Each structure stands twice: as C-alpha cells, then as structure tokens.
Amino acid sequence: MAAAMIKLAIVCALFLAIASTAAAATCSNDFTALLPCQAATQDAQATPTAACCSVVEKFKDDPACLCSTIAAAKSAGISINEANAESIPTRCKFQGYPSCAKKI
1 MAAAMIKLAI VCALFLAIAS TAAAATCSND FTALLPCQAA TQDAQATPTA
51 ACCSVVEKFK DDPACLCSTI AAAKSAGISI NEANAESIPT RCKFQGYPSC
101 AKKI
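So for the sequence shown, the numbering used here puts the first residue at 1; every next one is plus one.
Calculated directly from the structure, the hints in this document are not laboratory data.
Every value quoted in this text rests on a predicted model; they were computed, and no experiment measured them.
For each residue, glycine too, the CB sits at the ideal point set by N, CA and C.
One or more of the hints may lead you astray.
Stated by the list, open to error - FRET-style restraints, in silico, Cβ to Cβ:
#, residue 1, residue 2, range
1, Lys60, Thr32, 15 to 23 Å
2, Thr47, Thr26, 25 to 33 Å
3, Ala72, Ala51, 14 to 22 Å
Please model the complete structure; the sequences and the hints are all you need to start from.
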C-alpha cells in the first residue's frame, strides 16, 4: 500500500511539473493586450493607467512573455519605445520584472 502511494505521489508530481512547464511555455504575444499602455510606451515620465498596469500584472508569472510581446508589437510596426515599455512594470510599482534588453 505504501509503495502504491509513493508511485501515485511521483506520478502526480511529474504531472504537475509537466503542466507548469507547458503553461510557462505558452506565450501568445498578443500585443493588442498592451494597447492600454501605448501612451506609457511613448513617454518615460507618463504614469501608466490602471488598465495598463492591470495588463502588465498578468505577465508577472512570465516576464519573458512581456518582453517577447513588446518585441512582437515592434515587429508588427507598432510605434513603441522599448526602453519606455520595459520601464512600465516599475512605473506600475511591480517588482521582479527583469530587463528585456537581452531578449528583444
């Protein structure tokens, strides 16, 4: 019985590890979600709107996705100042968002 419980625990742990890896690996790069942040991407002194900060907060578990979404917007021809866009999490008072400089 104990061996069966250990096997079940191992299977559950593997499933959770796979599921969390798959969740982290999915980034839609839907740059339209960042539209509320457009003014903040143009002016480094602008305070981002509550709607912008709400969107950016959704990237807290995958900040690299925020970086690739900013890059996708730039690639699509959207006028974005990457440095200003990258500073939005800080201006929204969020901690732990790494620099995108090496990712964009």
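The hints, checked one at a time:
Against the hinted window of 15 to 23 Å, the Cβ-Cβ separation of Lys60 and Thr32 comes to about 19 Å, which satisfies the hint. Between Thr47 and Thr26 the Cβ separation comes to about 31 Å, which falls inside the hinted range of 25 to 33 Å. The hinted range of 14 to 22 Å is satisfied by Ala72 and Ala51, whose Cβ atoms lie roughly 20 Å apart.
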